[in-house]
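One-letter residues, chain by chain:
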Amino acid sequence: MKKNTWKAFTAWVNGTAEESRPLRREAGQSAHEKHPLFHLNEEMRVRLFRWEYRAVALIVCLTVVAVLLFTVFHLPLFGEPNNPAVNEVVERYVEKGLEETGAVNMVSGMILDYRAFDTFGESSVLFLAVTSVMMLLLRDEKNISAEEDIQEAHERIIEKEASDRILQKVVSLVMPCIFLFGIYVVLNGHISPGGGFSGGAIMGAGLILYGSAFGTDKVREIFTMKTFRRITSSALLCYAASKAYSFYTGANGLPTGIPLGTPGAIFSSGLILVLDICVGMVVACTMYGFYVLFARGEI
Amino acid sequence: MTIAFELLLILALILCAVSALTSRRLLVAVVIYMAYSLIMTVIWALLQSPDLAITEAAVGAGVTGILFLTTLKKIHALKGTKDE
Numbered sequence: 001m002k003k004n005t006w007k008a009f010t011a012w013v014n015g016t017a018e019e020s021r022p023l024r025r026e027a028g029q030s031a032h033e034k035h036p037l038f039h040l041n042e043e044m045r046v047r048l049f050r051w052e053y054r055a056v057a058l059i060v061c062l063t064v065v066a067v068l069l070f071t072v073f074h075l076p077l078f079g080e081p082n083n084p085a086v087n088e089v090v091e092r093y094v095e096k097g098l099e100e101t102g103a104v105n106m107v108s109g110m111i112l113d114y115r116a117f118d119t120f121g122e123s124s125v126l127f128l129a130v131t132s133v134m135m136l137l138l139r140d141e142k143n144i145s146a147e148e149d150i151q152e153a154h155e156r157i158i159e160k161e162a163s164d165r166i167l168q169k170v171v172s173l174v175m176p177c178i179f180l181f182g183i184y185v186v187l188n189g190h191i192s193p194g195g196g197f198s199g200g201a202i203m204g205a206g207l208i209l210y211g212s213a214f215g216t217d218k219v220r221e222i223f224t225m226k227t228f229r230r231i232t233s234s235a236l237l238c239y240a241a242s243k244a245y246s247f248y249t250g251a252n253g254l255p256t257g258i259p260l261g262t263p264g265a266i267f268s269s270g271l272i273l274v275l276d277i278c279v280g281m282v283v284a285c286t287m288y289g290f291y292v293l294f295a296r297g298e299i
Numbered sequence: 001m002t003i004a005f006e007l008l009l010i011l012a013l014i015l016c017a018v019s020a021l022t023s024r025r026l027l028v029a030v031v032i033y034m035a036y037s038l039i040m041t042v043i044w045a046l047l048q049s050p051d052l053a054i055t056e057a058a059v060g061a062g063v064t065g066i067l068f069l070t071t072l073k074k075i076h077a078l079k080g081t082k083d084e
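Those protein sequences? They're chains L and R, same order as listed.
Oh and the first sequence: position 14 is 14 in the numbering used here, straight run, nothing missing.
Oh and the second sequence: position 59 is 59 in the numbering used here, straight run, nothing missing.
Just so you know, the hints here were simulated from the structure itself, not pulled from any lab data.
Ideal Cβ positions, reconstructed from N, Cα and C, are used throughout, including at glycine.
Some chain L residues close to chain R (C-beta under 10 Å, calculated; not the full set): (1) Ser108; (2) Gly194; (3) Phe197; (4) Met203.
Pulled out of the complex, with its shape left as it was, chain L reads as follows:
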């Protein structure tokens, strides 16, 4: 049973699954013929459908806008002290956050210490998303036809001819700054605004910029499928391993023995720095992976 399911799944992934479901066409057709609009001619039907479509779209749009506006006018004002969002959870985070997590940037302290499991889930979601894109778009011999290969070769020739001098010069000037800023944002996540996700997104955007200026073959000299696989999976595993102690200490923050350091120093606030680096690695790799898979179909 288990083997059969696995076989069917791999066949579905590789696109070799057989269409075994019977088509229930006859029943549908007779129902279709009973419809009063079936006997109108083609043009009339298309016109009627267009009119109906516009009317329904307008009604739905106006209803949604009205509901949202009504809700917005009944929301409490921004930053009032009596808002329902200001409760004991926020009080605890604001008052004890620095003491318990050691992070000056309170947002980092929240998402990477109190709610580190949520962030782990988010990183895994990104990883899963890039895996699904890979299943759909990765080019290998089962996924590609000869015609598409010819088209790909044409596109490569166009890309080589159209290499842009100005873009390349600007990118070679800007690229180091973008990367330095991304690394700075990742490493200072617990001190200044930013953190793993934003820094990783900046680095990924820098890689995409480099790839679109100099061609993805140039990026492949340092960043191949192998490095992609190694970096993402080892960063996720490292995150999971360094947060596993929570299973033993529980949610109430029993003493862990991890030194918090002086707030504001670069090596402070326990494991937040490590977790930031892991998240940044995963995000940078997946951002670039999305771009390359969409543009080229391979990393």
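Got chain L; can you put chain R on it based on the hints?
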């Protein structure tokens, strides 16, 4: 002064949202969408959440727009380029 600036930002945001929907050319729509994200970045910074501002600038204005553009290029929907 700040109120006037905020009003200007909100108006520009609404203008961007509407014109991204109504523009005929897909390339223009994507560029306007990226401008929308840029305005949103300034608004996040004004609302005192710099973390979100950095993320919005990198993801909204950068990566999402580039993904849209590559998808348009892949399906050959960009008019006026060599691959059409």
